Amino acid sequence: MTVAWRRLERSPWWFAGPAVAAAVAFVWLPMVATFGLSFIDWSLLRQEATWRGIAHYGGTVANPDFHLALGNTAIYLAALLPLQIGVPLTLAFALVRVRARLPGRVYRTALFAPSVLSFPIAAVVWLWMFNPTVGVLNTLLGNVGLAPQRWLSDPGLAIWGVIAVAFWKSFGLNLLIFLAALANVPAEVTEAARIDGASPFRQAVDIELPLISPALFFAVVTTVIIVLDEIVGAVDVLTEGGPFRMSSNLLYFLYERGFRHFQFGEAAAVAVLIAAMVAAVTWAQFRFGERHVHYD
Amino acid sequence: MSTTTDTLTLPARARPSAGVHRSRRTAPPAVGQIALHAAFVLACVATLFPLAWMLRTAFAPPDDVFRATLSLWPDDPTLGNFAKAFRLHPVATWFVNSLVVAGAIALGKLAIALPASFAFGVMSFRGRDAAFGLVVGTMTVPYVITLLPTYVAVVGVGLYDTLPGVIIPTIGHCGFVVFFLRQAFKALPRELFEAARIDGAGPWRQLLTIALPNVWGAVAAMAVLSFLGAWNLYLWPHLILDAAEHKTLSIGLKLFATTGEQGGEWGPLMATALLAAVPVVALYLLAQRQIVSAFVTSGVR
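These protein sequence lines map, in sequence, to chains A and B. Heads up: the first sequence at position 272 corresponds to 271 in numbering that gives the first Met the number 0, and the numbers run straight through without jumps. Heads up: the second sequence at position 219 corresponds to 218 in numbering that gives the first Met the number 0, and the numbers run straight through without jumps.
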C-alpha cells in the first residue's frame, strides 16, 4: 500500500463528506432553488420556465386570502406566545419549589407527555373531543348547564380550537427549557435573596427571571417556529384552514397554493416570506443571546 | 394556574431552616407545599385528560362511544374498534410503514452524522470549520423553504409515492444530530486517541472502538429524538405518499378523521390514534432522560 493511498484512505473527508453533501443537496440547494422558483413560472406539467420578476410576491401580497392567512398567523402568535411562555414559566417556577422529589418528577413527566405526540395525533384526539354532538367537551358544558358549542365549524371559534390543541401539544417543551435554565441558577443567589427576606414570588421575578432570560428568548423562537413551520399538521386535521379560511395560516396558505393548486412560483414566494420571518426572529435571538453574555 | 401563583406569594415566615431541608431552592412552607401539590395534580389531570379520553374511546363498544358520558372507562371494554380499524383501512401496513420510515431516518441520520461529528470534533483538517458551518447551519433553515424543490426532485427521480422518497431527503436534515454528537466527542480527553494513534489505529478504528463506546448516551439520545421526529412527520409524507397502503400512521389518521366527521368512526379512529401514540409514549417513558436532554438542547426538532 502506497503512502499516498494510506493518506487518501485516512482523509477526514470520508468522515465529513456525506454529511456535507447531504446538507448541500437537501437543505442549501433546495433553499436556493426555492428562491429562484419564486421569480419564475414553472410547473411539473409544463416544465418551462418563464421569468416573472417579483410578480409572485406582488400577487401574493395583493391576494385577500394571503391577508387572511397573515392576519391569522398574527392571531396564532399573539395567542400562543403569552400562553407558551406564561404557563410553562409559572409551572417551572412552581415545580422547582416542590420539595418531594418523586412527585416532582411525576408532574414533569405527565406535563411533558403530550409534547412527544405529533400534531396530527394530538389533533384527532381533540377532533373527537370537539365533536359538536357527542364530543366530551360539549358533554362537560351540558353538565354545568352551558350551551353546546360548534367548536371547529363556528368561524369565530375554529382558530381558538387549533390554538388550544397547539398549546396542549407543545407547552411541555418550553417547560423543559425553563426547568433546565432554572437548574443552572446558582442556589446561593436565591438563598441570598431569601435571607434578605424576599418572598418566593419576588425571588422568582426579580432574581431568577432575569437570569433565565436567554431561555425566555429561546422559547419565543420555538413558539414562532411552531406557528410558522409546524402547526400545519393540526390545522389540516382539525379544520383544513376553515371554516371560510378563518383558521388558515401562512404555512397552510403555502400548502394550498403549492400542492392543491400547484402554483409553485407563488408558493415559493410565500416560503421565502415565511423563512425571512423565521430568520428575523432567530437573528434577534442570537443578538439578544450575545448581549446577555457580555452583560454577564 | 392562579392557585400556583398564589402559593408563590405566601409569606415566607413559617419556613423550616435551610439546614434541615437539603432542597436546592428554598420552598414555601408546608401549607404552600400542599397547595402546590394540589395545583400540580389538577394541572396533570387536565393535561392527561385528552389521552385518557382517547384510551376510553378506543376500548368502548360502539353504543358506548356515542353516549354522553364522563365516565373514564367503558362498562364492557372491547377490542372491536381495533378490529374494525384494521378492516376499514390498512392500519397494520401504516404501522409497518411508520416503523420503516422512522427507523430508516434515525439510522440514516446517525450513519452520516457519527463520522462527520467525529471529524469535526476530534480531527483537524483544512476546511473543517467551513464544512462544519455548512452542516450545522442547516439547523437555522426553516424546513418549509426546502419543501417545493425537494418535492419536484423526488417526483423527478420517480420516488413519488414511495417510502424512500420520504426517507432520503429527511436524512439530509441532520444538522442538529451532528452538532449534538460533536459536543459529545469534543468532551472526550485527547489522550484517549493519542494512545490509539501510537498503536497505529486509523481514524475509523478510533471512532468505532474508542470514541463510540464513550458516547453511547449521546448516540441513544439522538437515535430516540430522530425516531420520534420521523414518526411524527406530517407535511412531508402527506405530500409524497399517495396510495392508501403507502401511508404512515400520522397521515393515515386523516382518512378516518374526514370520514369520521360525517360517518362517525370515532372508536376505530381513537384505536388507530392509540396505536400511533403508544410507541412514542413508550419510548418517552423508557428513554426519558435522553429525550429530555436532547429536547432541551434542540428546541424543537
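Take these hints with a grain of salt, some might be off.
Computed beta-carbon distance windows for the label pairs [as the list claims (entries may be wrong)]:
#: 1; chain 1: A; residue 1: Leu43; chain 2: B; residue 2: Trp72; range: 36 to 46 Å
#: 2; chain 1: A; residue 1: Gly144; chain 2: B; residue 2: Gly102; range: 13 to 23 Å
#: 3; chain 1: A; residue 1: Glu190; chain 2: B; residue 2: Thr208; range: 43 to 53 Å
#: 4; chain 1: B; residue 1: Val99; chain 2: A; residue 2: Ala20; range: 40 to 50 Å
#: 5; chain 1: B; residue 1: Arg127; chain 2: A; residue 2: Val31; range: 42 to 52 Å
#: 6; chain 1: A; residue 1: Val31; chain 2: B; residue 2: Val99; range: 29 to 39 Å
#: 7; chain 1: A; residue 1: Leu140; chain 2: B; residue 2: Ala51; range: 14 to 24 Å
#: 8; chain 1: A; residue 1: Phe261; chain 2: B; residue 2: Arg127; range: 16 to 26 Å
Coverage of chain A stretches by chain B, computed from C-beta distances (three or more under 8 Å per stretch; other residues unrestricted) [claimed, not checked]:
#: 9; region: 20 to 29
#: 10; region: 68 to 80
#: 11; region: 87 to 100
Hints are computed from structural coordinates only; laboratory data are not their basis. It should be emphasised that the depicted structure is a prediction, and the values quoted were computed from it without experimental measurement. Glycine residues also receive a C-beta, built at the ideal position from the N, C-alpha and C atoms.
Checked hints:
no.	hint	verdict
1	A:Leu43 / B:Trp72: 36 to 46 Å	51 Å, violated
2	A:Gly144 / B:Gly102: 13 to 23 Å	51 Å, violated
3	A:Glu190 / B:Thr208: 43 to 53 Å	46 Å, holds
4	B:Val99 / A:Ala20: 40 to 50 Å	24 Å, violated
5	B:Arg127 / A:Val31: 42 to 52 Å	24 Å, violated
6	A:Val31 / B:Val99: 29 to 39 Å	31 Å, holds
7	A:Leu140 / B:Ala51: 14 to 24 Å	19 Å, holds
8	A:Phe261 / B:Arg127: 16 to 26 Å	42 Å, violated
9	20 to 29	holds (count 9)
10	68 to 80	violated (count 0)
11	87 to 100	holds (count 10)
In terms of the numbered hints stated before, the structure departs from hints 1, 2, 4, 5, 8, 10, listed from lowest to highest.
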